[in-house]
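Enquirer: Here are the chains, one letter per residue:
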Amino acid sequence: EVQLVQSGAEVKKPGESLKISCKGSGYTFTSYWIGWVRQVPGKGLEWMAIIYPGDSDTKYSPSFQGQVTISADKSISTAYLQWSSLKASDTAIYYCARGISIDYWGQGTLVTVSS
Amino acid sequence: QSVLTQPPSTSGTPGQRVTISCSGSSSNIGSNTVNWYQQLPGTAPKLLIYSNNQRPSGVPDRFSGSKSGTSASLAISGLQSEDEADYYCAAWDDSLKGVFGTGTKVTVL
Numbered sequence: 001e002v003q004l005v006q007s008g009a010e011v012k013k014p015g016e017s018l019k020i021s022c023k024g025s026g027y028t029f030t031s032y033w034i035g036w037v038r039q040v041p042g043k044g045l046e047w048m049a050i051i052y053p054g055d056s057d058t059k060y061s062p063s064f065q066g067q068v069t070i071s072a073d074k075s076i077s078t079a080y081l082q083w084s085s086l087k088a089s090d091t092a093i094y095y096c097a098r099g100i101s102i103d104y105w106g107q108g109t110l111v112t113v114s115s
Numbered sequence: 116q117s118v119l120t121q122p123p124s125t126s127g128t129p130g131q132r133v134t135i136s137c138s139g140s141s142s143n144i145g146s147n148t149v150n151w152y153q154q155l156p157g158t159a160p161k162l163l164i165y166s167n168n169q170r171p172s173g174v175p176d177r178f179s180g181s182k183s184g185t186s187a188s189l190a191i192s193g194l195q196s197e198d199e200a201d202y203y204c205a206a207w208d209d210s211l212k213g214v215f216g217t218g219t220k221v222t223v224l
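Listed in order, the protein sequences are those of chains A and B. As numbered in our numbering, residues 1 to 115 make up the first sequence, in order. As numbered in our numbering, residues 116 to 224 make up the second sequence, in order.
Worth flagging that the hints you see were computed from the coordinates, not collected in a lab. Treat the hints with care, as some may be off.
Just some of the chain B residues that point at chain A, by a computed CB distance under 8 Å [what the hints assert, rightly or not]:
hint : residue
1    : 123
2    : 125
3    : 162
4    : 207
5    : 212
Stretch by stretch, here's where chain A covers chain B in the computed footprint (C-beta under 8 Å, at least three residues) [what the hints assert, rightly or not]:
hint : segment
6    : 134-142
7    : 213-219
The C-beta atom is built at its ideal place from N, Cα and C for all residues, glycine as well.
Make a model of the complete structure from these sequences and hints.
Expert: Below, the structure written as structure tokens:
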């Protein structure tokens, strides 16, 4: 059974850094793209970035390029999304999702950025 | 930043048929397949339709998808109360990114 299990909710202050994770299981992690999708509470889904763990190839939405960093550690089947300096506008639920044509989703990680 | 346009909302009574449209462009829907996702309140999205009109195992055949040119549609026939949710279309864009629709809230009256 394919599963994507994400790290827990985070509360951070503006300017702080953060790295959230997504562990894949039940499939060959290096054979599928895995990415991140943002959802501001009460709003729609926004595609952010994607990585191919097999060769670390990445693609970013222009809206998020330079704002976040996607990475993956294939030795532990885990993908990451990282911020170096959070803003209040980064407050959202972040979902990891498998594939360019998304077929499986993680449960979501709520990130709250507030002073 | 959504580039796929959906109606904000639609509604129907139990048993009715409702359709949701998704309008894109030649760089996304026009040249790639469309998926549809259902998001129940407080939960992660779930794949409902893939490759324009294919249902994953476990998805009722009340849900169907179609695509023509740069537009796609999701139909729900025999509407049920548990279908009350947000629905999103999605496609790959040739500018090398994924794109989602603006989302449609389905209300069962």
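Enquirer: Could you run down the list of hints and mark each one as holding or not?
Expert: How the hints compare with the structure:
| no. | hint | in the structure |
| --- | --- | --- |
| 1 | 123 | violated (10 Å) |
| 2 | 125 | violated (16 Å) |
| 3 | 162 | holds (5 Å) |
| 4 | 207 | holds (6 Å) |
| 5 | 212 | holds (5 Å) |
| 6 | 134-142 | violated (count 0) |
| 7 | 213-219 | holds (count 6) |
Checked against the numbered hints given earlier, the structure breaks hints 1, 2, 6 and satisfies all the rest.
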